[in-house]
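Residue numbers (the numbering used here), protein chains in the order written: chain E, 1 to 191; chain X, 1 to 251.
Derived from the structure by calculation, the hints contain no laboratory data.
Be aware that one or more of the hints could be misleading.
Unchecked claim - Capping the alpha-carbon separation at 20 Å, the derived lysine to aspartate or glutamate pairs in EDC-like fashion look like this: (1) X:K180 <-> E:D89; (2) X:K249 <-> X:D213; (3) X:K180 <-> E:E160; (4) E:K173 <-> E:D155; (5) E:K143 <-> E:D122; (6) X:K180 <-> E:E48.
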Amino acid sequence: MPALTPDAELTALLDRVALRDQTALRLLYDRVGGKLLGLALRVVRQREWAEDVVQEAFLTIWRVAPDYRATLSPPMAWMGLIVRSRALDLLRRQRADRAQLTQEFDEVMAETMESDAANPMDTADASEQAWALHQCLAQLENKQREVLSLAYLRDLSHGELAAQLKLPLGTVKTWIRRGLDKLRLCMARFA
Amino acid sequence: MNFAANAPLLELLAASHALGTLRGGARRRFEAVARDNATVRAAALVWQSRLASMAELQQPVAPDPAVWTRIRNLIDAEQQAIALQHQRNAPAPTAAPATSGWLRSLSLWRGAAAAGALATVLAVVVGANLREQLRSAPAVQYVAVLANDQSAPAMLVTFDPKNRQLTLQRVGGYQEASDKSLQLWALPPGGAPRSLGVIGRDAAMRMPASEADVRAVPALAISLEPQGGVPSERGPTGPVLFHGALIEKTL
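The whole structure should be built from the sequences, with the hints applied where relevant.
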């Protein structure tokens, strides 16, 4: 019997979760909980917040699993979107709570770009589609890849990226522009 | 700017849109064109799905075991609430509709004899209802009133051995914050507190429990925990808000 692809295996688990199978939810959590926590941590930066995000995301997955099939998304991408949107919700709440303490919030989120330190990508359980993106991102310079990832994962504007990364605005714009251009040419080969 | 006919520019705009860095007026213009033009819309959707995979490429980090416990507790509480809702919405299994049918036809009758007959019929129906209610009534065997430090009662807890469940009813005005949960603990003599479950936000709820959970337990307590509660073996991590003696009813 051919081994199931990760996509097929995770889709089958989501189908069972849709039927209110709590064991399947546990299996799904064991398979992707760590992956999703890594993603949440990348967005919100703090362990405690990230675990809250994963908790909320799994409750969402439990509730909306019956809708998964209709989205036509690869399973990891779908769950990743749920985690990202919960994480962004949490950041918005935190930002609102600390409106008078913006300085402190920026400090929490601040991150210095170490242009040589590659932020390693992980393709375990990644969908076919993620493989293509992985191949293309791997061709970018580390700093280009890093600003693209942070822009997307944290939903940041050029200005916010410049502030969080402590880089000049022009530099951020150039890196993004060049990064997207290379990505465009590379992804066209996988279309 | 006719980007719809300029493939590289269209791709770049669609990618910036999906990335989130296309903002303000430029973003609104792009979205307006995408609504009208299927080619532009398709490019936008393709890039959205391509970049969504960014979320799949992050390094995994092992979660603390408490995270799963909280998820399971919240789902258990949600399932309980749904079951309770179904119970409430189920039609009463008694002769109530028949009674009103009788009433309607009987109301045409005149005379004392007819009224007497009606009284007899109602008495029989009511008697049957009462017996039914008594049979399905919970047999309360343990009771606790949990109160705060000022002895103001906050939660009434009863244990029904027949249905093997604890019934909790909020009696004070206390409401935990949305990111917190109340958790119920048994305090066995000389032992560590044992979690009986996480308390939902409803005014009343039931949680499954066996008699072994409450037998020979002199007291119960409620602590304030992170949303979803904490694993039993860890014991309460937040402040104990309410506590009280658990009393076995002998009658």
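Hints, verified against the model:
1. X:K180 <-> E:D89: Within the cut-off at roughly 18 Å; holds.
2. X:K249 <-> X:D213: holds, 16 Å
3. X:K180 <-> E:E160: Answer violated: K180 (chain X) to E160 (chain E) is near 32 Å, above 20 Å.
4. E:K173 <-> E:D155: holds, 15 Å
5. E:K143 <-> E:D122: holds, 17 Å
6. X:K180 <-> E:E48: OK: K180 (chain X) and E48 (chain E) at ~14 Å, within 20 Å.
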